[in-house]
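Assemble the whole structure, with the sequences as input and the hints as a guide.
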Amino acid sequence: MAASTTAAPDLAFEPRGLFIGGDWVAAHSERIITSINPSNGEVLGAVPLADERDVDRAVAAARAAFPAWAALPVTRRAEYLCRLADAVERNADHLALMDAVDSGNAISGMRGDMDWTADALRYYAGLVTEIKGETMSREQGHLNVTLRQPYGVVARINPFNHPFRFCAEKAAAALAAGNTVVIKGPEQAPLSSLRLGELCAEVFPPGVVNIVTGDGGTGSALVRHRDVARVGFVGSVETGRIVARQAAEGLKEVTLELGGKNPIVIFPDADPAQAAAQAVAAMNMNRQGQSCSSTSRVLVHRSLHEQVRAELVRAAAAIPIGLPWLDGAEMGPIVSRPQFERVLGYIESGQAQGARLLTGGGRPAAPELANGFFVEPTVFDRVQPEMRIGSEEIFGPVMSVMSWSDFDEMIEVANGVMYGLTASLVTNDFGAAMRAAERLEAGYVWINSAGRYLGAPYGGWKQSGIGKEESFEELLSFTRVKNINMRW
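In terms of numbering that gives the first Met the number 0, the sequence shown opens at residue 0 and continues consecutively.
Since the hints were made in silico from the structure, they are not lab data.
Source: prediction; values computed, not measured.
Glycine included, C-beta positions come from ideal geometry on N, C-alpha and C.
Please note: incorrect hints may appear among the correct ones.
[Claimed, not checked] Straight-line Cα separation of at most 27 angstroms, DSSO-like style, residue types lysine-lysine; simulated pairs: (1) K481 <-> K251; (2) K481 <-> K467; (3) K461 <-> K131; (4) K467 <-> K131; (5) K131 <-> K481; (6) K461 <-> K251.
[Said to hold, decoys possible] Simulated DEER-style distance windows between Cβ atoms: (7) D85 <-> A11: 18 to 24 angstroms; (8) R52 <-> D114: 36 to 42 angstroms; (9) E138 <-> Y452: 43 to 49 angstroms; (10) E129 <-> E305: 48 to 54 angstroms; (11) G327 <-> D407: 43 to 49 angstroms; (12) D85 <-> A351: 51 to 57 angstroms; (13) E305 <-> A431: 19 to 25 angstroms; (14) R301 <-> R479: 49 to 55 angstroms; (15) I465 <-> E41: 36 to 42 angstroms; (16) A67 <-> D268: 56 to 62 angstroms; (17) G353 <-> K131: 53 to 59 angstroms; (18) I465 <-> A431: 28 to 34 angstroms; (19) A200 <-> R313: 46 to 52 angstroms.
And the structure:
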């Protein structure tokens, strides 16, 4: 490994409060949330727990800043986004380190998050001139036009698996469209969201970006607030349903990017080693499988079952587990003790329900990892679709292998869960691949690849969410259409 010490690095960051109206303010309640280092269970620091009064201050600041921000020429708004992208790049190393320590994600993946964030900010900056309406002329002396206008104050509520990236990236489209935002950082890894506030203080006019930290009550206060016109949420299906119900009380537009129990389907013509490598890569082990897009169900053709199974065990067991801030580690700890215990509970459930544990299933033996929330990469075989590990999102490094021989039955199993976020296909038979892609109930399908692509609309079907993000569709979703009918 590049570094020799196992001690957690000093982040040299002390949260100054909530970032509201361009200033740092104390939470009314004076309550805090303690941030725990998941690699050793030690306290990293504390952030304010915002309550309804703090949310009200943040929304008021955003509302006051909205008219001037919306009135700016779109190219000026684009300049602000590019300046934030520059600031992210200047601070990328420290931001990646902060997220690696606070969330447990491998620093290599966190560096990638910073690159994606800067690219996303510039992507939306480049799209601002494409916010256009339409014209219709039905008769002489008559003109009908549409305008796309911002909503006003937008709430963005983000999860822990991409702490900084989601806080910055998920605000970009809303800002580009002329809205002001209130961001709620993740409760389990909140530090970098407040670091984003420091960068925004140097870039945006006061009140355009506001950042609060807190718990579910903080998020609920944001969603319910009468002056929040639009809500974007990334997280679990269960919490997404709550957000949708609360937003419905105010008839608010929502985007929900929720969970997944995603299949990777390996066809009989696939190379077993390559297929297994793709399956492991698509599990996002540098986030310990804590990704909504992770392909946790491996549907392998019966003719390749034994070969793929052996390759999966080899690939999973070879993943270097270690302290996430060290360059040699490709997989770190689960983000928190409750989530750690949840993952272990699923592993116990798989064994109790008759699945065969092939590798992993416990804690790594390295002494420097003994106090952290580490779980070995885990592969189960003989998984049945009705088992909990075969049907429920675990959000951990657990893969379930199932075999198939009949195409129609494979499609039925792949679609047989409440989720519909992603699916992955491994084959050189593109006729079969396209037939499968057309029938799979998923919003995003990979063929012989994995990974998200900026500009490609990302979002789920069924219980995996509402709306599309990371694309032009997301930008337009933060505008509402006004029709103007003229006669002279």
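- Take a look at whether the Cβ-Cβ distance between I465 and E41 falls inside 36 to 42 angstroms. Given range 36 to 42 angstroms: holds, Cβ gap about 39 angstroms.
- Look at the Cβ atoms of R301 and R479 and judge whether their distance stays inside 49 to 55 angstroms. With Cβ atoms ~51 angstroms apart, the hint holds.
- Could you grab the alpha-carbon distance between K481 and K467 and see if it respects the 27 angstroms cut-off? holds (21 angstroms)
- Does the Cβ pair E305, A431 satisfy 19 to 25 angstroms? Once the Cβ atoms are compared, 22 angstroms apart, the range 19 to 25 angstroms for A431 and E305 holds.
- Message: Tell me if the beta carbons of D85 and A351 are separated by a distance inside 51 to 57 angstroms.
- Response: Distance hint for D85, A351 holds at roughly 53 angstroms.
- Task: May I ask you to test the hint 36 to 42 angstroms on the CB atoms belonging to R52 and D114?
- Result: holds (38 angstroms)
- Query: Is it true that the CA of K461 sits at most 27 angstroms from the CA of K131?
  - Reply: Violated - the C-alpha atoms of K131 and K461 are around 30 angstroms apart, more than 27 angstroms.
- Determine whether the Cβ-Cβ distance between E138 and Y452 falls within the hinted range of 43 to 49 angstroms. holds (45 angstroms)
- Task: Could you check the hint for me, namely that A67 and D268 are 56 to 62 angstroms apart, CB to CB?
- Result: holds (59 angstroms)
- Query: Per the hint of 48 to 54 angstroms, is the separation of the Cβ atoms of E129 and E305 within bounds?
  - Reply: With a Cβ separation near 51 angstroms, E129 and E305 satisfy 48 to 54 angstroms, so the hint holds.
- Item | Status of the given 18 to 24 angstroms range, CB of A11 versus CB of D85 | At 21 angstroms between Cβs, range holds.
- Message: Hinted pair, alpha-carbon criterion (27 angstroms max): K461, K251. Please report holds or violated.
- Response: holds (20 angstroms)
The structure shown violates just one earlier hint, number 3.
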